[in-house]
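Engineer: Can you make the complete structure from the sequences, with help from the hints?
Residue numbers (the working numbering), protein chains in the order written: chain A, 61 to 431; chain B, 4 to 280; chain C, 176 to 464.
Keep in mind that a hint or two might mislead.
[As the list claims (entries may be wrong)] Think about it this way: if two alpha-carbon atoms lie no more than 30 angstroms apart in a straight line, the pair counts; the simulated DSSO-like pairs of lysine-lysine are:
#: 1; chain 1: C; residue 1: LYS379; chain 2: C; residue 2: LYS278
#: 2; chain 1: A; residue 1: LYS233; chain 2: A; residue 2: LYS244
#: 3; chain 1: B; residue 1: LYS99; chain 2: C; residue 2: LYS448
#: 4; chain 1: A; residue 1: LYS230; chain 2: A; residue 2: LYS244
#: 5; chain 1: B; residue 1: LYS99; chain 2: C; residue 2: LYS379
#: 6; chain 1: C; residue 1: LYS448; chain 2: C; residue 2: LYS379
Think of the hints as simulated: they come from the structure by calculation, not from any bench.
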Amino acid sequence: MRVEVRNVTKRFGSYTALDDVTLDIEEGRFCALLGPSGSGKTTLLRIVAGLEFPDQGVVRFAGENVLDRNVRDRGVGFVFQHYALFRHMTVFENVAFGLRVRPRATRPSRQEIARRVGELLELVQLEWLADRYPSQLSGGQRQRVALARALAIEPRILLLDEPFGALDAKVRKELRRWLRELHKRLGLTSIFVTHDQEEAMELADQVVVMNGGRIEQVGSARDVYARPATPFVYDFLGSSNRLDCVVERGWAVVEGAGIPLPPDVVIDEGAAVLYVRPEDFVLSRGNGSDGLLAEVREVIQSGPLVRIELRTTRQGRRVEVDLPRASSELAGLEPGARVAVRPQAFGIFPASRASEAQAAKEVELAGAPQS
Amino acid sequence: MQSLRLRQTSVLPGFGLTLGLSLAYLGLIVLLPLAALILRSAALGPEGFWQAIATPRVIAAFRVSFGMALGAAAVNAVFGLLVAWVLVRYRFPGRKIVDAVVDLPFALPTAVAGIALTTLFAGNGWVGSLLEPLGIRIAFAPAGIMVALIFIGLPFVVRTVEPVLQDIDRGVEEAAATLGADRWQSFRYIIFPAILPSLLTGFALAFARGLGEYGSVIFIAGNMPMISEIVPLLIVIQLEQYDYPGAAAIGTAMLAASFVLLLVINLLQRWARARGD
Amino acid sequence: MTIATSTARAVARRGTSEGLAVRAILIALALAFLAVFLLLPLITVFSEALRQGVGAYLAGISSPDALAAIRLTLIAAAIAVPLNLVFGIAASWAIAKFEFRGKSLLVTLIDLPFSVSPVIAGLIYVLLFGAQGWFGPWLSAHGIKIVFAVPGIVLATIFVTFPFVARELIPLMQAQGTEEEEAARSLGAGGWQILWRVTLPNVKWGLLYGVLLCNARAMGEFGAVSVVSGHIRGLTNTMPLHVEILYNEYDFVGAFAVASLLALLALVTLAAKAILEWRHGDELAGSRG
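Structural biologist: As structure tokens, then:
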């Protein structure tokens, strides 16, 4: 079922949680709302669910405006961050709840309810725990019960609020894989909120990067990683090098080295910032090398990649380059070696935009609590 | 701070119904009658009001009520702290039962407490007969009022101080010990300041309760005007004489005292909470 | 040196506990204080009741007036407790599950009956419904008696036990938050379904606790009821009032006999309280004192 969010704004007192947000989610897509805490992603999810109402804007399910309906009548399956299981009911009763509270007319019979609950518990592989209470389950098990409970009412859309946030790393990985399989099987339109980029990239068809109540970029995981649209996205997803440069006549000039700008890049002349991912550099040596001149400081073997830390010759700026372990460029690379680096792919933004993003990042690093 | 939510935009149902019901019930049972009291005494006008409460008898009653309540609360502060300390810090057989018994004054009807204490402390009672030869009269004397109020107020102090005592960081005491403090110094400089806010809160609660206490006092007090007559009794006497305005005036004065105390207690509790962080 | 004394010395040496002697004295003092002020009065009730033997005791609690008093006490409690229970649930739902201005004022007002003297509680209803009260003339014109009759007693009882259930439930429901209710809503449950199936089961021990305290107070209330009752023997006397009457007539055995029933109620309440705290302490709010 298609979801349309149009110009949604939500304020809490003087704090703007969502600022004129517009978004489309196609039927059957697995969509991730990704961003740091305070980006508005949970607020947006709750507005879609009907647990909050926007001050302005429209939300449509399959073309129909749902803002005049409350959460009970929207047919959403919501999985809460801390599960919100009914602590005094067994697993079976939790999952059956949505079916038992239906009005008489549409309520299934007891046998039918038992059958459906059994099916769902099998789906989440917990049929053997049907008589246990939530307090007797592990975190991962509770999460699966919460999911089964939400699926029991045959929702049109599945909404998950940081579903794996409270679990440890190993359980998280397993559940991620499992959720992906489940989505393939059911084909249900799903939106989930996370601040973990790895999770978003692994699970989602469509990644929505959010920051400060606004959407920074929407795209597939690949798009968002390889072609970030804003400095924030560059900073938030993966790592990147920031290089101050000057744009003149179709070239970005960094410490005397010129990098040609592709014809489709439109940017004003003047101060700008170049964003390059560590794996997007090409290293060359010897005379006649082309690119930014730098000296190798450290070569660090960390798993499948080798990280080279460089200092630029002219201004001593730090540059990080990642090379695959088997790369030929690594031959004889040692601290002190002189090299030239050229970016194969990059993003470039005017200096003003880049500094906004940097300031925001510093605030984030200074200790905003994780949600 | 959010304003009142419109019914459409609240997620959970039933706000209007529950709030309406609560306000209606509160208004009918509590607010309306209290308003009647205040209006009734306001109808006297400031002069009439003053006349009603400034008689020697009334003033004496206030003095007795306040004085005895203060004394009882003070005794409870000391012994309540002792009881709380012993319950929290020490292990001895029957500790759990003692802990439960501390709540007895909360649960026992005041009239029962009243007659029991009177019988106990009267000249021929178990305790009274021990004190009489020493010239100490408790029953049918002002001291009896204090005994009754001690009974009533004890749990307030104990239950307010206990949780705070329990939460004290033993590490601080150990640090003091390493620095050479003996137990008394540890208590005086470290433990006592930490529990002082809650002790004062308990004191204020016991005091407030003691001011308005009726049932447990009137049997043991002797109720002699000017000497051992408490304010609540005076109100009852006025009512029996159909002096509604007089009763209302005294009642309003008591209500005002209760409000002031409530405010003080709230402030103390806020202080205690702030200190606890 | 025995093990006991060496252990005691070691504990004292650690510096975070008093010596054995000091501890013994403090414990003795505390217990003595409690014995004199709490235990002895309690024992007195039973010893006085049985002073003239079991026969006299049984006669004391089964006299017609005593039985009428017991009946009235039970009626007053049977009306006041359920009413305050419903109110308590409604008020804590409104306060715990929603945000609105004036919430703390509402909580303070709910606590009001706790902090006023019981005599005031009786006084206000006399001022409203007594012969010279606001509604006095209207009531006597219609032949309705509130003050000096059962309705007045019930009203006064309701007033003094007003906050008990709410005081237990409000912090408890606030601590439990709204997530389970929101989840139930998202699954399609209606308001009553949410209350009955999700919220109330989660607070059932706090609810029981509050009802227990409410009931104990309702049955034992003296001051407020004394003012509105008129002390009409056999008609408007609750058990505490009956105790007073008998005592003032020097019928000590009779007075203490009825008092012993109330004391037993108190002990049962204390025991139930202790059991609830012991077994379900984590499901009760920390609202003591």
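Engineer: Could you check the structure against the hints above and give me the numbers of any it violates, in ascending order?
Structural biologist: none
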